[in-house]
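Listed here are the chains, written in short residue letters.
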Amino acid sequence: MGSQETNYQHKYHEHTFRGKRKDEEIIVMLRRHWIILLIECIPLIIFLAVLIAESFFVPFLAQTFPIEINPKFFSLISSFLFLFYWLILFVVWLDYYLDVWIVTDQRIINIEQFSLFRREISELDHGKIQDVTTEVHGIIPTILKFGSVHIQTAGSKTRFEFKQVPDPMLVRTMIMKLQKKSFRESKIKEGELLRGRIS
Amino acid sequence: MFNPFLIVYFVFLTIFLAGVFAVIYHLQVYKFNEKISLLVTSLFIVGSLILLAVNIVIAIEIDWTEFLIIF
Numbered sequence: 001m002g003s004q005e006t007n008y009q010h011k012y013h014e015h016t017f018r019g020k021r022k023d024e025e026i027i028v029m030l031r032r033h034w035i036i037l038l039i040e041c042i043p044l045i046i047f048l049a050v051l052i053a054e055s056f057f058v059p060f061l062a063q064t065f066p067i068e069i070n071p072k073f074f075s076l077i078s079s080f081l082f083l084f085y086w087l088i089l090f091v092v093w094l095d096y097y098l099d100v101w102i103v104t105d106q107r108i109i110n111i112e113q114f115s116l117f118r119r120e121i122s123e124l125d126h127g128k129i130q131d132v133t134t135e136v137h138g139i140i141p142t143i144l145k146f147g148s149v150h151i152q153t154a155g156s157k158t159r160f161e162f163k164q165v166p167d168p169m170l171v172r173t174m175i176m177k178l179q180k181k182s183f184r185e186s187k188i189k190e191g192e193l194l195r196g197r198i199s
Numbered sequence: 001m002f003n004p005f006l007i008v009y010f011v012f013l014t015i016f017l018a019g020v021f022a023v024i025y026h027l028q029v030y031k032f033n034e035k036i037s038l039l040v041t042s043l044f045i046v047g048s049l050i051l052l053a054v055n056i057v058i059a060i061e062i063d064w065t066e067f068l069i070i071f
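Heads up: the protein sequence lines correspond to chains L and E, in order. For the first sequence, our numbering assigns the number 1 to the initial residue and increments by one for each residue that follows. For the second sequence, our numbering assigns the number 1 to the initial residue and increments by one for each residue that follows.
Since the hints were derived computationally from the structure, they do not count as laboratory data. Accuracy of the hints is not assured; some may be wrong.
As the list claims (entries may be wrong) - In silico BS3-like links for lysine-lysine, alpha-carbon gap of 30 Å or less: (1) L:K187 / E:K35; (2) L:K163 / E:K35; (3) E:K35 / L:K128; (4) E:K35 / L:K181; (5) L:K177 / L:K145; (6) L:K145 / L:K22.
Unchecked claim - A short, non-exhaustive set of chain E residues, derived as facing chain L with CB atoms under 7 Å: (7) F12; (8) H26; (9) F32; (10) G47; (11) V54; (12) E61.
For glycine and all other residues, C-beta sits at the position ideal for the given N, C-alpha and C.
Generate the whole structure from the sequences, applying the supplied hints.
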């Protein structure tokens, strides 16, 4: 293992995930680049500004309303908007935080969270990797060094895709190293098996 | 007697509470790091409780009989 991978292992020693094997070590845990979260938060930032402005105008709104309604009722509506804003903020963060690609010393796990009630998990052994390609597309991804990593698997048309992850070149190199290591180990095992059969 | 606004209030409150439980469930069950999970869950619960308390105080101050529909 290279020094960078060793650093990653040190970084992730406190991390775990559901279904982690006892002898499994996390090499890297990848999420989308932070700029993606920031872009997703732009509507929320605008909405917060509107909410704050609206809470200042509540007394005036109550006066201009055609039917006489208690101003406290408008405050209640405003309070509900803040409550749901708080909830949506965490749902957006969870969607980002739980969307993760985990590279361990044994396999690659792809966990995709779609809102709160849809979650997809798939995994791939290093030995099944055939080809790894990276894609950095656009001005912002080039400047901020993030992009996608596509992993072509053996015997299947589907590809594993790490979406908008930071430093895709480094990720590709790391996965290829793990694939080569796995290939070497499987060849050694095959050799041992054949020798055992012959003798 | 029928108070549609009060019913709507409780419906919204129930939706919010269901959302809170769903977020806490995800934070606790699918956690990747114990420390981050604990920190975010605490922040979320404290924020939710403050906002909920403000909401309930405002709701108590409202005279709900204004919206009463009598058959």
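If any of the earlier hints don't hold here, list their numbers in rising order. Of the numbered hints given earlier, those the structure breaks are 1, 3, 4, 6, listed in rising order.
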